[in-house]
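Position in the sequence shown (first residue = 1) + 67 = the numbering used here.
Because the hints were derived from the structure by calculation, they are not lab data.
Hints are supplied without guarantee of correctness; some may be wrong.
Said to hold, decoys possible - The calculated EDC-like cross-link candidates involving lysine to aspartate or glutamate, where the alpha carbons are at most 16 Å apart (straight line), are:
(1) Lys-343 with Asp-318
(2) Lys-286 with Glu-395
(3) Lys-343 with Asp-303
(4) Lys-343 with Asp-236
(5) Lys-286 with Asp-318
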Amino acid sequence: MVRRRSFSLSAAALGGSLSGSLFKSLSRPVPLVLALALPLVLGGCGRLPGAFSTDMSDYAAAERIWQDPWVAPDARVGVAGGAWGSNGEVDRFVGSRTTPYTRSVRLVAGAELAIAEEAGWLPTSSTCGENISIALAGPADAVASLVVEPSRRGSVAAVRALTPHHLDDDWSVPDVVTRTCLSTGDQGDAAQTYVEPRLGSEPLRSSPLPDQDEVSWRKDELSAADATLLDEVSADLVTRDLPAVPTPTLDTGVNRRSGAAMQVDVDSTTLTELSKTLDGWDLTFTACGGGGPIRATYVGSFEHGSAVVSATLFDGANTLTVRLPVTEGPPPPAVEDLPPLTASPCFDGEVDALTVLGTPAVLPTDLTPIRD
68 MVRRRSFSLS
78 AAALGGSLSG
88 SLFKSLSRPV
98 PLVLALALPL
108 VLGGCGRLPG
118 AFSTDMSDYA
128 AAERIWQDPW
138 VAPDARVGVA
148 GGAWGSNGEV
158 DRFVGSRTTP
168 YTRSVRLVAG
178 AELAIAEEAG
188 WLPTSSTCGE
198 NISIALAGPA
208 DAVASLVVEP
218 SRRGSVAAVR
228 ALTPHHLDDD
238 WSVPDVVTRT
248 CLSTGDQGDA
258 AQTYVEPRLG
268 SEPLRSSPLP
278 DQDEVSWRKD
288 ELSAADATLL
298 DEVSADLVTR
308 DLPAVPTPTL
318 DTGVNRRSGA
328 AMQVDVDSTT
338 LTELSKTLDG
348 WDLTFTACGG
358 GGPIRATYVG
368 SFEHGSAVVS
378 ATLFDGANTL
388 TVRLPVTEGP
398 PPPAVEDLPP
408 LTASPCFDGE
418 VDALTVLGTP
428 AVLPTDLTPI
438 RD
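From just these sequences and the hints, can you work out the full model?
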(Lines of atoms letter the chains of each structure in order from A and count residues from 1; the text may use other names and numbers.)
(Lines give C-alpha, C1' and ligand atoms only; values in the text may rest on other atoms or scores of the structure.)
Protein backbone atom coordinates (compact mmCIF):
# COMPACT_ATOMS: atom_id res chain seq x y z
CA MET A 1 0.00 0.00 0.00
CA VAL A 2 2.94 2.35 0.66
CA ARG A 3 5.73 3.25 -1.72
CA ARG A 4 8.97 3.37 0.25
CA ARG A 5 9.88 6.95 -0.53
CA SER A 6 9.80 9.40 2.34
CA PHE A 7 11.41 12.71 3.19
CA SER A 8 11.93 14.93 6.18
CA LEU A 9 10.65 18.47 5.69
CA SER A 10 12.17 21.82 6.54
CA ALA A 11 11.02 25.43 6.61
CA ALA A 12 13.22 26.30 3.65
CA ALA A 13 11.44 23.74 1.48
CA LEU A 14 8.02 25.14 2.29
CA GLY A 15 8.57 28.84 1.61
CA GLY A 16 5.54 31.10 1.52
CA SER A 17 6.21 32.79 -1.83
CA LEU A 18 4.70 31.15 -4.90
CA SER A 19 6.50 31.87 -8.14
CA GLY A 20 5.50 31.27 -11.73
CA SER A 21 8.03 28.48 -11.99
CA LEU A 22 6.27 26.68 -9.16
CA PHE A 23 2.95 26.95 -10.97
CA LYS A 24 4.50 25.48 -14.10
CA SER A 25 6.09 22.63 -12.17
CA LEU A 26 2.62 21.73 -10.92
CA SER A 27 1.31 21.36 -14.47
CA ARG A 28 2.83 17.88 -14.18
CA PRO A 29 1.71 15.34 -11.56
CA VAL A 30 2.16 16.95 -8.16
CA PRO A 31 5.72 16.20 -6.97
CA LEU A 32 6.84 15.43 -3.46
CA VAL A 33 8.57 18.26 -1.67
CA LEU A 34 12.24 17.30 -1.34
CA ALA A 35 14.19 18.96 1.44
CA LEU A 36 17.25 18.81 3.61
CA ALA A 37 16.34 19.00 7.28
CA LEU A 38 18.37 22.14 7.91
CA PRO A 39 17.36 25.08 10.11
CA LEU A 40 16.97 28.48 8.48
CA VAL A 41 19.10 30.90 10.52
CA LEU A 42 17.68 34.38 10.72
CA GLY A 43 20.59 36.32 12.14
CA GLY A 44 23.15 38.32 10.22
CA CYS A 45 22.51 41.53 8.34
CA GLY A 46 19.63 43.77 9.34
CA ARG A 47 19.28 42.36 12.87
CA LEU A 48 15.94 43.46 14.27
CA PRO A 49 15.12 44.89 17.71
CA GLY A 50 13.35 42.64 20.20
CA ALA A 51 10.00 44.33 19.61
CA PHE A 52 9.82 42.60 16.20
CA SER A 53 9.75 39.14 17.80
CA THR A 54 6.53 37.18 17.34
CA ASP A 55 4.25 37.27 20.39
CA MET A 56 1.25 35.28 21.50
CA SER A 57 -1.24 37.66 19.89
CA ASP A 58 0.43 36.93 16.52
CA TYR A 59 0.22 33.22 17.28
CA ALA A 60 -3.49 33.40 18.18
CA ALA A 61 -4.24 35.30 14.95
CA ALA A 62 -2.41 32.65 12.92
CA GLU A 63 -4.27 29.80 14.65
CA ARG A 64 -7.60 31.16 13.41
CA ILE A 65 -6.33 31.07 9.82
CA TRP A 66 -4.78 27.61 10.10
CA GLN A 67 -8.25 26.20 10.81
CA ASP A 68 -10.00 28.22 8.11
CA PRO A 69 -11.84 25.83 5.74
CA TRP A 70 -10.96 27.83 2.62
CA VAL A 71 -7.32 28.61 3.33
CA ALA A 72 -6.67 25.08 4.73
CA PRO A 73 -2.90 25.57 4.42
CA ASP A 74 -0.91 22.49 3.49
CA ALA A 75 2.40 23.96 2.33
CA ARG A 76 4.25 26.33 4.65
CA VAL A 77 2.39 27.31 7.84
CA GLY A 78 3.79 30.01 10.13
CA VAL A 79 3.17 33.12 12.20
CA ALA A 80 3.70 36.83 11.49
CA GLY A 81 7.06 38.00 12.81
CA GLY A 82 10.20 39.91 12.04
CA ALA A 83 11.60 39.66 8.52
CA TRP A 84 15.24 39.03 9.33
CA GLY A 85 17.73 40.53 6.90
CA SER A 86 15.10 43.05 5.77
CA ASN A 87 16.45 46.13 7.56
CA GLY A 88 13.39 46.69 9.71
CA GLU A 89 10.40 44.94 8.14
CA VAL A 90 7.79 42.51 9.43
CA ASP A 91 6.66 39.38 7.56
CA ARG A 92 2.90 38.78 7.85
CA PHE A 93 2.75 35.32 6.26
CA VAL A 94 0.70 32.65 8.12
CA GLY A 95 -0.24 29.95 5.61
CA SER A 96 -0.38 28.81 1.99
CA ARG A 97 -1.46 26.03 -0.31
CA THR A 98 -1.02 25.26 -4.01
CA THR A 99 -3.79 23.13 -5.51
CA PRO A 100 -3.83 21.65 -9.05
CA TYR A 101 -7.02 21.28 -11.07
CA THR A 102 -8.00 19.73 -14.39
CA ARG A 103 -10.42 22.58 -15.18
CA SER A 104 -9.93 26.03 -16.70
CA VAL A 105 -8.55 29.05 -14.88
CA ARG A 106 -11.91 30.81 -14.92
CA LEU A 107 -13.90 27.84 -13.59
CA VAL A 108 -11.38 27.20 -10.82
CA ALA A 109 -11.20 30.86 -9.79
CA GLY A 110 -15.00 30.98 -9.54
CA ALA A 111 -15.17 27.78 -7.50
CA GLU A 112 -12.39 28.86 -5.13
CA LEU A 113 -14.00 32.29 -4.68
CA ALA A 114 -17.35 30.71 -3.83
CA ILE A 115 -15.76 28.56 -1.10
CA ALA A 116 -13.86 31.60 0.19
CA GLU A 117 -17.04 33.65 0.46
CA GLU A 118 -18.80 30.83 2.32
CA ALA A 119 -15.95 30.93 4.84
CA GLY A 120 -16.26 34.69 5.34
CA TRP A 121 -13.63 35.99 2.90
CA LEU A 122 -14.78 38.81 0.60
CA PRO A 123 -13.00 40.21 -2.48
CA THR A 124 -11.31 43.61 -2.39
CA SER A 125 -9.77 43.76 -5.88
CA SER A 126 -9.22 41.53 -8.89
CA THR A 127 -7.72 41.26 -12.35
CA CYS A 128 -8.66 38.74 -15.07
CA GLY A 129 -6.58 37.67 -18.03
CA GLU A 130 -4.58 34.55 -18.78
CA ASN A 131 -4.15 34.46 -15.00
CA ILE A 132 -6.81 35.51 -12.50
CA SER A 133 -5.78 37.28 -9.29
CA ILE A 134 -8.18 38.13 -6.47
CA ALA A 135 -7.37 39.85 -3.17
CA LEU A 136 -9.65 39.14 -0.23
CA ALA A 137 -10.40 40.39 3.28
CA GLY A 138 -11.12 37.77 5.89
CA PRO A 139 -11.87 37.27 9.56
CA ALA A 140 -10.09 39.27 12.28
CA ASP A 141 -8.34 41.66 9.86
CA ALA A 142 -6.68 38.86 7.88
CA VAL A 143 -6.09 39.26 4.14
CA ALA A 144 -5.37 36.73 1.43
CA SER A 145 -4.57 36.31 -2.23
CA LEU A 146 -6.00 33.79 -4.68
CA VAL A 147 -3.98 33.46 -7.90
CA VAL A 148 -5.02 30.94 -10.57
CA GLU A 149 -2.71 30.21 -13.51
CA PRO A 150 -3.02 27.83 -16.46
CA SER A 151 -1.12 24.55 -16.53
CA ARG A 152 -0.71 21.82 -19.11
CA ARG A 153 -3.36 19.79 -17.30
CA GLY A 154 -5.77 22.61 -16.52
CA SER A 155 -4.85 25.17 -13.89
CA VAL A 156 -3.22 25.69 -10.51
CA ALA A 157 -4.66 27.77 -7.65
CA ALA A 158 -2.34 29.36 -5.09
CA VAL A 159 -3.73 30.70 -1.83
CA ARG A 160 -1.67 32.75 0.60
CA ALA A 161 -3.00 34.23 3.86
CA LEU A 162 -1.57 37.04 5.97
CA THR A 163 -2.36 38.56 9.36
CA PRO A 164 -1.16 41.88 10.75
CA HIS A 165 1.90 41.80 13.01
CA HIS A 166 1.32 43.03 16.56
CA LEU A 167 3.40 46.14 15.76
CA ASP A 168 0.91 47.08 13.00
CA ASP A 169 -1.26 49.31 15.17
CA ASP A 170 -2.23 51.32 12.08
CA TRP A 171 -3.28 48.26 10.04
CA SER A 172 -6.26 48.68 7.72
CA VAL A 173 -8.05 46.24 5.44
CA PRO A 174 -9.07 47.31 1.90
CA ASP A 175 -12.74 47.97 1.22
CA VAL A 176 -14.80 45.04 -0.01
CA VAL A 177 -16.13 45.19 -3.60
CA THR A 178 -19.50 43.88 -4.71
CA ARG A 179 -18.25 42.39 -7.98
CA THR A 180 -15.02 40.93 -9.28
CA CYS A 181 -13.65 40.62 -12.77
CA LEU A 182 -15.36 37.23 -12.90
CA SER A 183 -18.76 38.95 -12.82
CA THR A 184 -20.40 38.83 -16.27
CA GLY A 185 -16.98 38.73 -17.88
CA ASP A 186 -15.99 42.30 -17.04
CA GLN A 187 -14.42 44.25 -14.22
CA GLY A 188 -17.74 45.31 -12.68
CA ASP A 189 -17.22 47.27 -9.48
CA ALA A 190 -13.72 45.85 -9.19
CA ALA A 191 -12.35 47.79 -12.14
CA GLN A 192 -9.34 48.75 -10.04
CA THR A 193 -6.33 46.54 -10.73
CA TYR A 194 -5.64 43.67 -8.35
CA VAL A 195 -3.71 44.91 -5.33
CA GLU A 196 -1.40 42.32 -3.78
CA PRO A 197 -1.85 42.04 0.01
CA ARG A 198 1.16 43.49 1.77
CA LEU A 199 3.34 40.56 2.82
CA GLY A 200 6.27 42.55 4.17
CA SER A 201 6.98 46.17 5.05
CA GLU A 202 8.03 48.33 7.92
CA PRO A 203 5.49 48.11 10.76
CA LEU A 204 2.42 50.18 10.00
CA ARG A 205 2.47 52.52 12.97
CA SER A 206 2.95 56.18 13.86
CA SER A 207 4.40 55.71 17.36
CA PRO A 208 7.94 54.61 18.29
CA LEU A 209 8.70 50.92 18.70
CA PRO A 210 8.47 49.56 22.24
CA ASP A 211 11.77 48.71 23.91
CA GLN A 212 11.89 44.92 24.35
CA ASP A 213 14.62 42.30 24.59
CA GLU A 214 15.05 39.73 21.83
CA VAL A 215 13.72 36.24 22.49
CA SER A 216 15.50 33.06 21.40
CA TRP A 217 15.28 29.28 21.47
CA ARG A 218 16.92 27.73 24.55
CA LYS A 219 16.72 23.95 24.07
CA ASP A 220 18.96 22.02 21.70
CA GLU A 221 17.26 18.66 22.22
CA LEU A 222 13.75 17.32 22.58
CA SER A 223 12.11 17.42 25.97
CA ALA A 224 11.21 14.04 27.49
CA ALA A 225 7.53 14.56 26.58
CA ASP A 226 8.33 15.59 22.99
CA ALA A 227 10.73 12.66 22.54
CA THR A 228 8.10 10.25 23.86
CA LEU A 229 5.44 11.69 21.55
CA LEU A 230 7.80 11.27 18.59
CA ASP A 231 8.35 7.63 19.59
CA GLU A 232 4.60 7.04 20.02
CA VAL A 233 3.77 8.51 16.60
CA SER A 234 6.59 6.67 14.84
CA ALA A 235 5.63 3.35 16.42
CA ASP A 236 2.05 3.85 15.28
CA LEU A 237 3.13 4.66 11.72
CA VAL A 238 5.44 1.66 11.48
CA THR A 239 2.55 -0.67 12.35
CA ARG A 240 0.78 0.78 9.28
CA ASP A 241 3.81 0.11 7.05
CA LEU A 242 4.62 3.83 7.03
CA PRO A 243 8.04 5.32 7.81
CA ALA A 244 8.94 6.73 11.22
CA VAL A 245 9.21 10.50 11.70
CA PRO A 246 12.85 11.69 11.88
CA THR A 247 14.07 13.59 14.93
CA PRO A 248 14.22 17.32 14.10
CA THR A 249 17.39 19.40 14.30
CA LEU A 250 17.19 21.92 17.14
CA ASP A 251 19.50 24.93 17.21
CA THR A 252 19.42 27.51 19.98
CA GLY A 253 19.37 31.25 19.37
CA VAL A 254 17.31 33.15 16.83
CA ASN A 255 16.34 30.96 13.89
CA ARG A 256 13.32 29.50 12.16
CA ARG A 257 12.73 26.14 13.81
CA SER A 258 10.89 23.35 11.98
CA GLY A 259 8.69 20.78 13.66
CA ALA A 260 9.25 17.05 13.28
CA ALA A 261 7.69 15.97 9.98
CA MET A 262 7.71 13.27 7.37
CA GLN A 263 6.20 13.03 3.87
CA VAL A 264 5.58 9.80 1.98
CA ASP A 265 4.04 8.60 -1.28
CA VAL A 266 1.11 6.25 -0.82
CA ASP A 267 -0.81 4.02 -3.19
CA SER A 268 -4.20 5.04 -1.79
CA THR A 269 -6.25 6.67 -4.54
CA THR A 270 -9.52 7.13 -2.65
CA LEU A 271 -10.46 8.62 0.69
CA THR A 272 -11.89 5.25 1.71
CA GLU A 273 -8.55 3.53 1.15
CA LEU A 274 -6.65 6.27 2.94
CA SER A 275 -8.98 6.20 5.95
CA LYS A 276 -8.45 2.45 6.24
CA THR A 277 -4.70 3.03 6.27
CA LEU A 278 -5.17 5.63 9.03
CA ASP A 279 -7.77 3.68 11.00
CA GLY A 280 -7.88 5.12 14.52
CA TRP A 281 -6.92 8.63 13.40
CA ASP A 282 -9.83 11.10 13.27
CA LEU A 283 -10.74 12.61 9.90
CA THR A 284 -11.52 16.32 10.46
CA PHE A 285 -11.56 17.94 7.00
CA THR A 286 -12.15 17.04 3.36
CA ALA A 287 -12.07 18.95 0.09
CA CYS A 288 -12.75 17.46 -3.33
CA GLY A 289 -14.52 18.06 -6.64
CA GLY A 290 -14.26 20.79 -9.21
CA GLY A 291 -11.56 18.88 -11.06
CA GLY A 292 -9.23 19.13 -8.07
CA PRO A 293 -7.58 16.64 -5.73
CA ILE A 294 -8.98 14.97 -2.68
CA ARG A 295 -7.53 16.83 0.30
CA ALA A 296 -7.97 15.61 3.86
CA THR A 297 -6.60 16.06 7.37
CA TYR A 298 -6.49 13.61 10.27
CA VAL A 299 -5.61 13.87 13.96
CA GLY A 300 -3.86 11.14 15.90
CA SER A 301 -4.18 11.36 19.69
CA PHE A 302 -1.46 9.85 21.87
CA GLU A 303 -0.63 9.78 25.56
CA HIS A 304 1.87 12.63 25.25
CA GLY A 305 0.11 14.79 22.66
CA SER A 306 -1.27 14.84 19.13
CA ALA A 307 0.01 14.64 15.57
CA VAL A 308 -1.68 15.57 12.32
CA VAL A 309 -1.71 14.14 8.82
CA SER A 310 -2.52 16.13 5.70
CA ALA A 311 -3.11 14.17 2.51
CA THR A 312 -3.50 15.01 -1.17
CA LEU A 313 -4.70 12.42 -3.67
CA PHE A 314 -4.53 13.56 -7.29
CA ASP A 315 -4.20 11.45 -10.41
CA GLY A 316 -1.45 9.14 -9.25
CA ALA A 317 0.46 11.70 -7.17
CA ASN A 318 -0.77 10.67 -3.73
CA THR A 319 1.08 11.93 -0.68
CA LEU A 320 0.56 12.28 3.02
CA THR A 321 2.51 14.43 5.46
CA VAL A 322 2.78 13.70 9.16
CA ARG A 323 3.56 16.67 11.42
CA LEU A 324 4.22 17.11 15.14
CA PRO A 325 4.27 20.31 17.24
CA VAL A 326 7.34 22.55 17.11
CA THR A 327 9.53 21.87 20.12
CA GLU A 328 9.65 24.75 22.63
CA GLY A 329 6.83 26.50 20.80
CA PRO A 330 3.55 27.53 22.44
CA PRO A 331 0.97 24.86 23.19
CA PRO A 332 -0.22 23.62 19.78
CA PRO A 333 -3.69 24.42 18.47
CA ALA A 334 -6.40 22.29 20.05
CA VAL A 335 -6.47 19.88 17.12
CA GLU A 336 -7.55 17.04 19.40
CA ASP A 337 -10.80 18.93 20.06
CA LEU A 338 -11.81 19.19 16.40
CA PRO A 339 -15.04 17.32 15.67
CA PRO A 340 -14.43 14.24 13.49
CA LEU A 341 -16.13 13.91 10.13
CA THR A 342 -18.19 10.75 9.88
CA ALA A 343 -19.50 11.42 6.36
CA SER A 344 -18.27 13.28 3.31
CA PRO A 345 -19.13 13.20 -0.40
CA CYS A 346 -15.40 12.78 -0.98
CA PHE A 347 -15.82 9.11 0.05
CA ASP A 348 -18.19 8.55 -2.87
CA GLY A 349 -15.75 9.00 -5.74
CA GLU A 350 -16.24 11.67 -8.41
CA VAL A 351 -17.70 14.94 -7.08
CA ASP A 352 -18.65 17.60 -9.62
CA ALA A 353 -18.61 20.85 -7.64
CA LEU A 354 -15.76 21.88 -5.34
CA THR A 355 -16.94 20.79 -1.88
CA VAL A 356 -15.30 21.53 1.48
CA LEU A 357 -16.39 20.09 4.84
CA GLY A 358 -15.06 20.20 8.40
CA THR A 359 -12.13 21.96 10.03
CA PRO A 360 -8.52 21.52 8.87
CA ALA A 361 -6.16 19.99 11.42
CA VAL A 362 -3.00 22.05 10.99
CA LEU A 363 0.22 22.44 12.95
CA PRO A 364 2.85 25.07 12.06
CA THR A 365 5.65 23.94 9.78
CA ASP A 366 8.08 26.39 11.37
CA LEU A 367 8.23 29.08 14.02
CA THR A 368 10.57 31.78 15.20
CA PRO A 369 10.98 32.17 18.99
CA ILE A 370 7.74 33.51 20.49
CA ARG A 371 7.41 35.96 23.33
CA ASP A 372 5.07 34.93 26.16
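Going through the hints against the structure:
| no. | hint | in the structure |
| --- | --- | --- |
| 1 | Lys-343 with Asp-318 | 38 Å, violated |
| 2 | Lys-286 with Glu-395 | 7 Å, holds |
| 3 | Lys-343 with Asp-303 | 14 Å, holds |
| 4 | Lys-343 with Asp-236 | 48 Å, violated |
| 5 | Lys-286 with Asp-318 | 7 Å, holds |
The structure fails to meet hints 1 and 4 from the earlier list, while all remaining hints are met.
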